[in-house]
Amino acid sequence: MAQVKLFGYADKISVKPGDTIDIHVSADGVDTADAKLVRLIHGDEHPDGPGFIEEEVACEADGPWAVRKQYTQVGSYLKVDDPTNVLALDGPITLFAFIYPGIPDAGLRQCLLARWNNDRNFGYSLGINQRGHLEFWVGQGGEVDYIQAEAPLLVKMWYFVAASYDPKTGRTEIYQEGVANRYNSLLGKVCPIEYRSHVTETFRFRPKHLAETPFLIAGSQDFHETRGAFVSETYCGKIDRPGVYGRALTRVELDEIRDGKPPKPDGLVAYWDTTAGYTDRGIGDVVIDVGPHRLNALGFNRPVRAQTGWNWNGRNDCFRLAPEEYGGVEFHYDQVVDSNWDKTRTVRLPDDLKSGCYAIRLRAGPGKGLSEEHVVFFVRPKTPKGKVALLFPTATYLAYANEHLSFDAQIIQPMTGQPPIVTEIDIEMYKNWEFGFSTYDSWADGNGVCYTSYRRPILNMRPKARMSSMGVTWAFPADLSILAWLETKRYDYDVVTDEDLHREGLAAIEPYACVLTGSHPEYTSEPMLDAMEDYVAGGGRFIYMGGNGFYWNVAFREEEPWVMEVRKLDSGMRAWQARPGEHYLATTGQKSGLWKNLGRPPQKTFGVGFIGEGFETSRPFRRMPDSYHRTVDWMFDGIEGEIIGDFGLAYGGAAGLELDRYDLTLGTPPHAKIIASSGGHSDNYMLSIEEILYPYPGLAGSQDYRLRADLVYFPTPNNGAVFSTGSIAFCQALPINGFDNNISKLLSNLVDAFTKPGLLPGSFWVNEEKQWK
Amino acid sequence: MTGHIWRNPLYFWGVEGAEKEVPSIPHKSPQDVWDETTASKAKMLPVGRLRYYYKWPGHGGLTWPRFRYWGTRRRALNIRSVYNPKTMRLEKTIVDKRPIWWVLGLLAFMLAPLAMPASFQNTLLTAGATFSIYAAINLCWMLIIGTAGIYSLASYAVVGAAAFGTSWLSINLGLPWWTLPLVGAGVGLVFGMIIAVPAIRLDGFYYALLTIGLNELCRVYALQSKQFGSSTGGLYGADTYIPQGWDQYDQSLLAYYACFGVMLAGLALYRFIDGRRLGRILKMAPEKREAFAEATGVDFRRARIWVFVISSIGLGFIGGFYAAHYRGVSFSIFSFDTVLLGLAMLVIGGIGRAEGAVVGTAIVILLDKVLLSTGPLRLILIGLIMLGVVLFLKGGLFGIKAQFRAWRDKKKSERRSMRAEKGGEMLPEEATETKDKDLLYWRRYDKMQREFLKTVISPELIEEHRKKPLGQHSEPLERLLLYFRRAPQNDKYAIVAVEPFKAYRIVALSGQRGVAPRIVEDKIYTSTDEAYHGVFLRRVQDLLES
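In order, the protein sequences belong to chains A and B. Quick note on this note's numbering: the first sequence kicks off at 1 and runs consecutively. Quick note on this note's numbering: the second sequence kicks off at 1 and runs consecutively.
Watch out, some of these pointers could steer you wrong.
Think about it this way: if two alpha-carbon atoms lie no more than 30 angstroms apart in a straight line, the pair counts; the simulated DSS-like pairs of lysine-lysine are [stated by the list, open to error]:
#: 1; chain 1: A; residue 1: 36; chain 2: B; residue 2: 502
#: 2; chain 1: B; residue 1: 437; chain 2: A; residue 2: 156
#: 3; chain 1: A; residue 1: 189; chain 2: B; residue 2: 502
#: 4; chain 1: A; residue 1: 156; chain 2: B; residue 2: 502
#: 5; chain 1: A; residue 1: 16; chain 2: A; residue 2: 431
#: 6; chain 1: A; residue 1: 208; chain 2: B; residue 2: 92
#: 7; chain 1: A; residue 1: 368; chain 2: A; residue 2: 431
#: 8; chain 1: B; residue 1: 502; chain 2: A; residue 2: 368
Which stretches of chain A does chain B cover? Using the computed rule of at least three CB atoms under 8 angstroms from a CB of chain B, they are [what the hints assert, rightly or not]:
#: 9; segment: 14-20
#: 10; segment: 79-91
#: 11; segment: 185-199
#: 12; segment: 310-317
#: 13; segment: 429-437
Simulated restraints on C-beta separations [what the hints assert, rightly or not]:
#: 14; chain 1: B; residue 1: 55; chain 2: A; residue 2: 317; range: 53 to 59 angstroms
#: 15; chain 1: A; residue 1: 228; chain 2: B; residue 2: 69; range: 50 to 56 angstroms
#: 16; chain 1: B; residue 1: 421; chain 2: A; residue 2: 260; range: 39 to 45 angstroms
#: 17; chain 1: A; residue 1: 560; chain 2: B; residue 2: 271; range: 54 to 60 angstroms
#: 18; chain 1: A; residue 1: 181; chain 2: B; residue 2: 97; range: 39 to 45 angstroms
#: 19; chain 1: A; residue 1: 250; chain 2: B; residue 2: 56; range: 35 to 41 angstroms
#: 20; chain 1: A; residue 1: 292; chain 2: B; residue 2: 402; range: 44 to 50 angstroms
#: 21; chain 1: B; residue 1: 459; chain 2: A; residue 2: 633; range: 29 to 35 angstroms
#: 22; chain 1: B; residue 1: 97; chain 2: A; residue 2: 259; range: 38 to 44 angstroms
By construction, these hints were calculated from the structure, which means they are not laboratory data. The beta carbon of each residue, even a glycine, is placed where N, CA and C say it ideally should be.
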């Protein structure tokens, strides 16, 4: 019997009691799975903590579900909306496009412009063949005729390519010319390379078409008996301003298009102007056909737009300045943004559901490891009730979704200072392209992944998941330790997600007296950052429970909040580097990268900002002299000694993984106090890139004083306050000793004070100091 | 070694497990290895090959009209254009030069009568005609032995049966010569079906035996049948296409070209079957691999019946032509030595290729017919050549090129492994094969690192790691660990959690997306620290062995 495997995702990440939520499940080796609604309380199975805790909740959807294997379309492409089959041309034809191949030598057939049925060999296609040459082929079912260009395509070079065919004579011409300038391509003019190729041959027959074959850009139609129609022969690389003529263009006419002249209307059937449709706020997935039939093309799996085109010449760095230079649409044959599985079950949530973190737990066969799945979602109250809000950083979960670092990144072991510990679930994820990538990975052509979504199974957004490269829990399962603490301490809390904050802004958190973040709220959109800043400025009390927060500027489309875009560039701890000219978010038109580089360092709002990271040991905090001031010493009521947090589920300390520091030069409020700081970090802790202008020996934990986590506190307008922990490992210290420890006590003191209306404790101890001591 | 200590800078911070003084080793400078190494241990030999011929460049801006064989999508020549990695010049190479050789060879054969010395003219023309007929038979046979990979020895039986049948019909019913090949094809069809059926069930030796038996049956039947001329040693008197009124030279010339035409038809048939769908199906389902072919959805049984039927029709056609050519047929067509001579032709030329069948035939016919005067010696010569081919050549004469290349590659790797230092500096000849020249330097750097790090491995270091696998380590241990961690991803050690916090096992990563890590040992470690140390020990061992 096949191994039982269950994978699922929900169409929404944040819901309210009584809402419905669609669960999509794929199963291997089994046709029924036992479903149960559970409330997740604690994730980390580390023996020093309480272990995994879930609570079964009655729900109409409990019980056996019929499940089956579902397939995922891998690869991004554009599908042309051609209901009347205008493009089923069997007379004279010319196909043309500017292309920038990502892996021409992949050894796989890649289609550029295709009305091609790969299963039955009908239609025509311009593409790249297995040998890496440009090729044009036509099929009449069974037999295929083809013509290939002479010079192989070179990687990451801009070309103008075309093929024309005239059925009267059978004459077919393939056209390939390099259009690299000083900026746009990998190689410059110093290379003695002949990019051009013009070949003619005589075809034996004209293409025949099937009515149901779509015209695809960067893929071709295929069929499999258990799967049905799907797209194969997808392409890696960019395509700029492709078009189709209903006549065989001459060499001279093609030369004109190559030189940048607009295609002549005579005989033009379609011309997708990839530069059309840019606004100051970005661009969507529709590529506009400016030809006579308006055959617009729709992107699947988010082809990357806002990319430089063939005529980009280095002067403009954003499509907002020169949209005509941003015709590049980038495709990847291993890109997955949406699994698009059929819905397995619509679940109606009970009306009396307590706000919290929930999952549909699916089990079949052995019911553990791969045969157990938790489809996680968050339930907000119908109307905010609690005093405390726990803000789950779902944007971070998206960024790290299905990261492949342990397997693919050579730098990860030197970074984490340890060999990775992978599980069978990690290996399953690595074995299958269908799970897609995180923003810490690169697509097959080496370009960094800029889109990620939750409409696919996210195997590390499961409660028991551990970050394989680090051997600890990370993001979602780590954040459950905060929820478990709130639960254990019986605080009156609600949960909110990044998605709610992004969509509703301040309104999502305004009703709460105190907001706690997750352990690593690294990815932040502008509306999210604005909402948090307004909340704090408006008198809210905010506890930043983690490290390396509010770091990257990300974007979501209003109508598709499940997809997040980020571009990593220029500085910051980054898994990849966006190419020159491609630093702006296609989703919003904003520059991506670090908030620090955009004028909003996290210090400005939260008092601390990222300083460095390390992964094999954690350290405790030690009280700083300022913590004895009566404005803040109430935080230490019931805490003995100066050392706090010399324990934890993450390497045995509350200060570890990623650390934030107080820095007046980056906008830490001048009245902020450092309550406690960590120290004695090992040399695995290195300063973050954006803090380094010149690297020199000694920029590591045992030799650079800046490598530390600071607990920082400052009051804000209208009796508000911010407390920042500056360390990811902080929340993983909470569960030690049954949540009874000095970190837990410190946090209790804070939350107790923050949930009391009116003035904060110590508010009157602000007179000028006249010290006798 | 004793007496050296390392002081942990984190000791004063009270870091857990940070000992004030850790036994360590004397300081060694990593630069020493660089200073000591001034030359490669392996001798650096000059490499590079002189371009002594001209290579055509790419067409560039010019249009390149490519011609095809009429009615097909095959270009006249398979030309590959590649960038010369040394110059980046686009250069053309004819990947498959066989069409040129075929054209030249067939032209030469066509024009040969013009150059034949008068004294040998008759012998040579006759030998040429015989060669063409045998070549045509062998091409059909090759479809079964080579393309389908079935050891059928019944081909001459099919030819003989068709020849006898048509001769008899021609003599007794007076069929004109031009019907003989067609009738022969019909006989071949029947025969083909008869021999195809057992081929589905029998294989290898048993099928060869069966077909030999069939051959023998035909011989014995004809030998004892009065109708088939048991008294005259064969059937003679069939109608022929050669006008008897012509003079001898003209008759021979006509026969020469008629047979040449049959051989061309044989070549066309071979190309039509071997190079197309049927041939591809058969080649992916040779004997012993039928199960795999079947699992991938290939109906090899149907393909085998088809190839038997088609090639038998061809053989029958040739049999009919044979009768019309020789005006009859003798029993020797069924004799065992005919089968063996035919087999010798295929083996000498090389099984599985048209040129093998044709050139093998040419060699054997030349020896057999032209050196007729040497008597039985020529048969011994043929036997010796066949023996030599079987002993020393894997794929007959036309396999020599590939065999030579494989042998050269073997010698190359032998020489390299003798000269090169394992894991050391790349040799100039290896550098020519490395696209990314950065790797050449990486190899040098890596070698220096390993040489240095081997000198720091000591019991003290291993003990230090065992006590505290994670955290701040002494300078030499930290260097060692940093080197290990920066290794490339393929075959890099990692740990699999068999059961979290209880059981771990060491694996090696693939470094290739989609490929799971492989398990390197069965040992179960009960804690992460033990597993970390297990990985460390393996890495130390690998380093010392390199």
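Right, here's what the structure says about each hint:
1. A:36 with B:502: Holds: residue 36 of chain A and residue 502 of chain B sit about 28 angstroms apart, inside 30 angstroms.
2. B:437 with A:156: Judged against 30 angstroms, a Cα distance of about 19 angstroms means the pair holds.
3. A:189 with B:502: Not satisfied, since the Cα-Cα distance of roughly 60 angstroms exceeds 30 angstroms.
4. A:156 with B:502: Roughly 48 angstroms between the alpha carbons, so the hint for residue 156 of chain A and residue 502 of chain B is violated.
5. A:16 with A:431: 36 angstroms, violated
6. A:208 with B:92: Judged against 30 angstroms, a Cα distance of about 34 angstroms means the pair is violated.
7. A:368 with A:431: 19 angstroms, holds
8. B:502 with A:368: 16 angstroms, holds
9. 14-20: violated (count 0)
10. 79-91: violated (count 0)
11. 185-199: holds (count 8)
12. 310-317: Three-residue rule not met by the segment 310-317 of chain A, so violated; n is 0.
13. 429-437: It holds: at least three residues are needed, and the segment 429-437 of chain A offers 4 whose Cβ sits within less than 8 angstroms of chain B.
14. B:55 with A:317: 53 to 59 angstroms: Hint violated: Cβ distance 44 angstroms, outside 53 to 59 angstroms.
15. A:228 with B:69: 50 to 56 angstroms: Violated, since residue 228 of chain A and residue 69 of chain B (Cβ atoms, about 39 angstroms apart) do not stay within the stated range.
16. B:421 with A:260: 39 to 45 angstroms: Cβ of residue 421 of chain B to Cβ of residue 260 of chain A: about 55 angstroms, so the range 39 to 45 angstroms is violated.
17. A:560 with B:271: 54 to 60 angstroms: 56 angstroms, holds
18. A:181 with B:97: 39 to 45 angstroms: 40 angstroms, holds
19. A:250 with B:56: 35 to 41 angstroms: With Cβ atoms ~26 angstroms apart, the hint is violated.
20. A:292 with B:402: 44 to 50 angstroms: The hinted range 44 to 50 angstroms is violated for residue 292 of chain A and residue 402 of chain B, with Cβ atoms some 56 angstroms apart.
21. B:459 with A:633: 29 to 35 angstroms: 51 angstroms, violated
22. B:97 with A:259: 38 to 44 angstroms: 40 angstroms, holds
This entry does not satisfy hints 3, 4, 5, 6, 9, 10, 12, 14, 15, 16, 19, 20 and 21, going by the numbered hints stated previously.
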